[in-house]
Amino acid sequence: MPQNPEKAAGRSYRFLLTLSLVTAFFVSPLLFFTDLTRNPYYLQITLLNSAVLFAAALELANAVREKAWPLPPNILYVPLAALLAVMALSFIRAYFGHAAFFRPSMLSEFTRAGVFTAVNCALVFLLAQKVPFDTERLLPGQTERLLPGQTERRLPGQTERRLPGQTDPQRRSISGWLALILLWGGLWFLFPDLKTPPQGDSLLARFWDPYGGSLWVAGIAFAWYLVRRFNQEDLLHLVMAVGCLASIYGVLQYFGVELIWARLLNPYGNRSVSTFGNPNFVSSYIVLLLPFALAYLMAAQKAPQRFFYGLLFLSYEAMLMASLTRSSWIGAAAAVASVFAFREYRLKFAENKTFLGWFLAGALLLMVMWPAQSLKPFSSGLTERLSEWTGRMASLSAFSLDVAPGRIYSSFHQRLLIWTSAWQMGLEGPMLGKGWGLFENFYPFYQGRLLANFENIRPLRTHANNAHNEVLEMFSQTGLLGLGVYVWLFAVLFAAFFRYYGGSGPEERYWTVPFAAAVVGMFADNMFNVSLHFAVPALLFWWLLGAFSKKLSGSRDGGSRPPFRGIEPRVDTAIAVSPRPWTKPVPGTAAAALLILVCAAGIWYWSAQFMREMHYFRGFKAMRRNDFSGAAAALRKAYDSHGREVNNNYELANAYVRAGDLPASEWAYGEALNSNAGYDEIYFNMGVVQKRLNKTDAALGSFKVSAFVNPLSAASFNAIAEIYVTDADRYAGEAVELFAPAARIFPGDPNIL
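Each residue of the sequence shown is one higher than the last, beginning at 7 in the numbering used here.
Hints may be right or wrong, so weigh each one.
Straight-line distance between alpha carbons at most 20 Å, and here's what the computed DMTMM-like set of lysine to aspartate or glutamate pairs gives [stated by the list, open to error]: (1) Lys643 x Asp633; (2) Lys697 x Asp667; (3) Lys627 x Asp646; (4) Lys201 x Glu264; (5) Lys710 x Asp755; (6) Lys710 x Asp735; (7) Lys701 x Asp667; (8) Lys701 x Asp733; (9) Lys627 x Asp207; (10) Lys627 x Asp41; (11) Lys643 x Asp41; (12) Lys382 x Glu357; (13) Lys201 x Asp41; (14) Lys701 x Glu687; (15) Lys359 x Glu513; (16) Lys701 x Glu728; (17) Lys354 x Asp215; (18) Lys201 x Asp215; (19) Lys710 x Glu740.
Calculated from the structure, these hints are not laboratory results. Please read these numbers as outputs of a predicted model, since none were measured by experiment.
Work the whole structure out from these sequences, hints included.
Written out as structure tokens, the structure reads:
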């Protein structure tokens with residue numbers, strides 16, 4: 007019999023949407039390559055953003071079929087829209103308030119930050135609205151039409167709509183999730199013996215390995231099968247399983263075991279990066295998952311469930327210890343404390359005191375006995391990391407940039423340097439800040455003055471991409487207005503949470519608390535961390551925020567339509583929100599089509615950046631082999647793929663210099679500055695090239711900016727001096743003004759004196 011086209015389209019839509027979410031939540035956090043791009047997690051970012059944009063395009067296509075916008079109401083739409091508007095306004099003010107020289111780099115940096123905010127944050131939040139919970143709460147006294155096969159059960163103070171056979175968000179069977187972790191994860195132990203060396207330098211040769219590729223295909227298919235019912239609880243379990251896999255891999259790294267690559271990945275000493283490329287990112291990811299693992303563990307009654315959720319919890323704890331990320335330790339402590347602050351969890355602990363008491367005692371012992379980075383017997387990583395802080399920060403005088411040399415603790419004082427610069431950025435434009443996305447572009451200009459004034463912290467000079475404090479992040483770039491809207495957004499969220507908590511039954515309160523605890527933990531972490539502004543941890547945070555606010559908004563999956571038109575309601579699938587029909591279908595279709603094109607452009611944008619990173623890494627390696635013409639060719643391909651990446655353009659300019667093409671190198675240094683104008687090395691190298699091209703005035707300008715950005719560069723001052731002495735009468739007054747402070751920084755440099 008011919009298949010109903012509407013039904014076939016609905017099934018294809020659900021299949022592809024589920025596959026997109028599996029790509030974002032399963033593939034992206036775990037798949038990375040060390041010899042494909044210089045940043046091994048760039049493939050993760052590309053996959054994540056492309057999957058999210060593809061899912062959005064599917065939703066828009068479905069909206070055209072439905073002739074309706076099917077988003078449910080949400081308490082955070084207005085504050086989120088206001089936040090995005092303030093971010094855009096802050097950039098517009100900054101763009102027209104700065105010299106024309108800075109505007110290309112400002113546009114480049116804002117585009118990068120804007121795409122991240124729009125796709126990785128706002129769009130993820132909106133997509134979370136489309137995935138129903140197994141159970142949806144009705145306020146007291148509300149009624150809702152139920153589809154055939156649904157039942158209604160009333161609890162004190164609420165109405166719960168449940169599907170047949172469901173009792174709570176606990177999964178009825180965890181065998182599939184255990185198989186994903188133990189079987190699929192365990193098969194990677196065979197990878198070192200079964201992998202095939204790359205046959206050539208092509209993308210396919212480096213990307214595809216028969217055994218590894220087959221494992222990935224099987225893993226993706228199995229993950230899709232496990233979340234095929236398309237609900238928040240199954241997606242959460244997929245994410246928790248991913249966190250467990252990443253944690254086990256990270257713990258193996260900590261103890262010197264590497265399953266995938268030829269050498270151990272330790273760019274941060276012995277701090278494990280797992281599959282995330284940075285210990286601070288994987289640790290924040292775990293902070294978000296820890297309260298959910300704890301909630302499910304405390305509710306578990308059967309031995310298999312206790313084993314599964316206990317495995318999750320202990321693997322997360324071990325990964326937190328292996329990352330040695332103290333900000334995430336603070337975040338994890340805040341999240342767990344938030345969980346136990348609620349009566350339901352204290353009662354649940356009392357109900358299962360025997361099991362939970364022994365389990366949590368073992369978890370505490372694991373934390374205390376975790377070995378230090380050196381892996382010496384009887385050492386404690388917890389004690390060692392905390393003693394680093396207490397040993398240097400024992401007095402109030404240490405909490406200053408004017409700190410004695412013996413009291414300098416680089417981890418804290420470098421953050422204090424960044425925080426001070428961020429504070430000064432915000433004070434420069436108190437209402438709208440320096441402009442959203444422009445922190446990295448302008449940070450070095452503020453740091454330079456602090457380094458000149460505080461001698462002992464000069465070795466801590468850095469190039470910060472974020473403020474390392476979420477409050478200062480918002481204040482420095484969006485001012486009091488942006489920070490106020492940001493606080494408003496989360497004030498609305500938690501006000502709704504406490505209203506929801508007060509009006510719900512014990513079970514609903516129990517399963518809502520982990521969302522609040524995850525948000526609290528992530529913010530506690532990001533008072534010292536930057537993970538909210540990087541792809542994979544931000545994806546999970548904004549998804550949980552979307553799901554949390556959906557639950558609090560009273561968004562019920564009710565009405566007369568199934569979740570995907572053309573699909574009959576299933577007993578294991580909740581029901582989607584009734585779409586709001588378009589009053590004007592033609593403009594609605596046109597708007598949806600335009601947004602689909604924007605999503606397609608976004609996917610192209612990320613594929614272009616990925617190709618740029620591939621060519622850049624090839625050029626980077628060619629430069630180290632002294633193959634300057636080959637490096638220039640590869641780096642130019644990278645530029646042609648996507649021309650706004652400061653590291654690639656800088657390396658391209660260096661390749662042109664080494665190849666003897668000075669005009670091309672001057673152009674490439676200019677393109678590097680058009681990508682990010684905050685690197686003193688670019689100004690200095692450009693000045694050298696301009697001087698060799700007999701552009702003396704331009705060279706002098708470049709050297710002066712280099713010296714201003716980095717007053718610790720004696721080479722910049724010496725290059726300026728070489729120009730000044732050619733015409734002493736002309737430059738005498740300017741030289742005194744510039745070199746007097748330089749002499750205080752370099753009192754022993756005879757050339758500067």
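Hint check:
no.: 1; hint: Lys643 x Asp633; verdict: holds (16 Å)
no.: 2; hint: Lys697 x Asp667; verdict: holds (14 Å)
no.: 3; hint: Lys627 x Asp646; verdict: holds (19 Å)
no.: 4; hint: Lys201 x Glu264; verdict: holds (14 Å)
no.: 5; hint: Lys710 x Asp755; verdict: holds (18 Å)
no.: 6; hint: Lys710 x Asp735; verdict: holds (19 Å)
no.: 7; hint: Lys701 x Asp667; verdict: holds (16 Å)
no.: 8; hint: Lys701 x Asp733; verdict: holds (15 Å)
no.: 9; hint: Lys627 x Asp207; verdict: holds (13 Å)
no.: 10; hint: Lys627 x Asp41; verdict: holds (10 Å)
no.: 11; hint: Lys643 x Asp41; verdict: holds (18 Å)
no.: 12; hint: Lys382 x Glu357; verdict: violated (40 Å)
no.: 13; hint: Lys201 x Asp41; verdict: holds (15 Å)
no.: 14; hint: Lys701 x Glu687; verdict: holds (18 Å)
no.: 15; hint: Lys359 x Glu513; verdict: holds (19 Å)
no.: 16; hint: Lys701 x Glu728; verdict: holds (14 Å)
no.: 17; hint: Lys354 x Asp215; verdict: violated (47 Å)
no.: 18; hint: Lys201 x Asp215; verdict: holds (6 Å)
no.: 19; hint: Lys710 x Glu740; verdict: holds (11 Å)
In this structure, the earlier hints numbered 12 and 17 are contradicted, and the remaining ones agree with it.
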